[in-house]
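*Asks:* The lines below spell out each chain.
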Amino acid sequence: MLEVRNLHASVDGKDILKGLTLTVKPGEVHAIMGPNGSGKSTLSNVLAGRPGYQITAGDVLYEGKPLAEMETEERARAGIFLAFQYPVEIPGVSNMEFLKASLEAVRSAQGKEPLDAVTLLRRAREACQHVNLDQQFLKRGVNEGFSGGEKKRNEIMQMMLLEPKLALLDETDSGLDIDALQVVAKGVNALRSPERAIVLVTHYQRLLDYIVPDHVHVLADGKIIKSGGKELALELEQKGYGWLTGEEESA
Amino acid sequence: MSTDTDIDTLVSREYAAGFTTSVESDTLPPGLDEDVIRFISSRKNEPEWLLEWRLAAYHRWLEMTPPEWAHIHHPPIDFNTVSYFSAPKSMADRPQSIDEVDPELLRTYEKLGIPLHEQAALAGVAVDAVFDSVSIGTTFRGKLKEAGVIFCSISEAVHEYPELIKEYLGSVVPQGDNFYAALNSAVFSDGSFVYIPKGVKCPMELSTYFRINEAKTGQFERTLIVAEEGSQVSYLEGCTAPMRDENQLHAAVVELVARKDAKIKYSTVQNWYPGDEQGRGGIYNFVTKRGVAHENAHISWTQVETGSAITWKYPSVILRGDNSVGEFYSVALTRGRQQADTGTKMIHLGKNTKSTIISKGISAGRSQNAYRGLVRISPRAEGARNFTQCDSLLIGDQCGAHTFPYIESRNPSATLEHEATTSKVSDDQLFLCRQRGIDTEKAVSMIVNGFCKEVFKELPMEFAVEAGKLLEVSLEGSVG
Ligand SMILES: Nc1ncnc2c1ncn2[C@@H]1O[C@H](COP(=O)(O)OP(=O)(O)OP(=O)(O)O)[C@@H](O)[C@H]1O
Ligand SMILES: [Mg+2]
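Protein chains in written order, with the working numbering: chain V, 1 to 251; chain W, 1 to 480.
Bound conformation, chain V alone (with noise of 0.2 Å):
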């Protein structure tokens, strides 16, 4: 489903990610693990197309299509959704009217009518259920005044609605109460499926035992520098990054 090889990006013109390889089949679910301004962001915002971020080598190919053709709003119609680490908010714009658009441009490219208005309410209804968000918030502005756990618990409603094939989520359980993290993980388990692929960004072990990867890998410095299975994590838990980055250092 995604094939990243040998990739070298930059941001405003300064290199991030020096090589970064990944491969990531459908139904499977990775987590990528790292010390803090190792490019795990960089990553997921050059696989989303934001603007500013510019592959310098290597490829990224998704589903066989080289990404760098695609523009930002087509890969996230071709089914890439990014949850954000920051959210931002757009005051004035409510939440239904932003999920109505984007569910219209997303089943538009997908040649499928629009919902009508009333499944298109029962549909939103229902994920903002499964993540314990309350009907009032489909009416209030995007991300609008929202806490910052709302605003997560938001990005995975809108998940849920689109049903993307590739979901990266950028660190959604920092921020979390224990509460909203298994709500989060409740929704995201609820999505895995043997066609869906899920890329998991996080600093911390607890996200993992609700939602348990496929593999693990560790971002340093722009760099997959170990990979492994769900026990990875662990050991990164007790151990921390020191021992990998130096081992990186005197190899």
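Since the hints were made in silico from the structure, they are not lab data.
Honestly, I wouldn't trust all of these hints.
[To be verified] Here are the simulated lysine-lysine pairs, DSS-like style, with alpha carbons at most 25 Å apart:
no.: 1; chain 1: W; residue 1: K469; chain 2: V; residue 2: K100
no.: 2; chain 1: W; residue 1: K201; chain 2: W; residue 2: K145
no.: 3; chain 1: W; residue 1: K442; chain 2: V; residue 2: K112
no.: 4; chain 1: V; residue 1: K139; chain 2: W; residue 2: K424
Add chain W with the ligands to chain V, keeping to what the hints say.
*Replies:* Just chain W with the ligands now, kept in the frame of chain V:
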């Protein structure tokens, strides 16, 4: 690819209403003197007193100079290059009904999407359409007459209701009020007159569409609305003009009188031609709008201003009676090289008077957008209250937003609140939208509409939708 360059190109689109109509018209040669005024007056068979009134205004005007305090820049206007009267020729004998109106004219309105015929009936809107200088026909007059409501062109009103016109014309905006109002008083060609009798709630929305068609013609319409005690009316005006290389002058005057307990809601959707990317052509729009609210009366101005090369406009309310209420809700969008200096004046004279000002300015391209507002509390306006909120939204980084709020309070019991914000359509917001599959153009329009929500909800339902669409069209091509 950066979003900034997207944004730079966002502001270039074709003007959808920019077509000219090939109707034969008889237009006065450019220039202004007493003879021109006499010509206008005699063409309209006006009574002697009105001619005198016009001439008095003209002499006032000759002694005045154009105001220079606004945040707008344009070469001096040569008032002798403007033609002060243009009537479509086929209108020499006024049509007796809408069916007699030149079909070409009606097609013009159709192109503009104006519901004049059956469409009007469906929409339940009574429309008075002013095409250049002559009012071409008012729909639904019968039904309004039943309710006792008068809705006709001001020229007709001069003949049919001379006492009313004599009493109220210039009663709110005097002849010498300002340079452009004086000019209008001297040469006004047509406009609408509305009279709502005591206790009557006008049974439908009243609506006027203005359109400037002739090249080098000025349009000087004059609207007068009188709402008697306890009556209510909602009035909407829409404006468009064809594309021209030269600038065209528009100087209108609107006067509102709301008697005790009366309520007037006046909404404007202004979409005059804004000029091209380089700032060539476009309408110079200098408008004086003012209402007097008597005891317990309510006057509400709502405007959506997207057109004109220059907008100079401050719909105001004189809160004369105790407990009267004045409101101003405004969306002003500028793009390209447009310049807008608009706002309001709330003059609190009566006790416990209350005013609300909500202004939303959106600037894109290389445009300049200024809010200018005055809140004056007179010494006897015990317990007066004002709330002002001015928000500016910037699209791109070559435009300007300015806020000039003036407050003169001479009564210590007054409560005045003022809030102002400036924000940008941020790259992060656009990225969030695009990441959810929404293209940039739609995203910008959604964000701008969200920004204007508080004002749009003040518009009559069907026009709120129209206004939203208008913003969307105006912003088309502004992003990548
Ligand atoms: N616009 C930019 N200009 C310059 N440097 C940038 C820019 N954006 C990100 N960086 C730098 O790129 C590096 C990687 O940032 P990134 O946000 O990808 O890290 P991260 O792994 O997600 O960190 P965290 O765990 O703190 O979220 C950081 O050093 C950051 O300062
Ligand atoms: Mg990050």
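*Asks:* Enumerate the violated hints, using their earlier numbering and listing them in ascending order.
*Replies:* none
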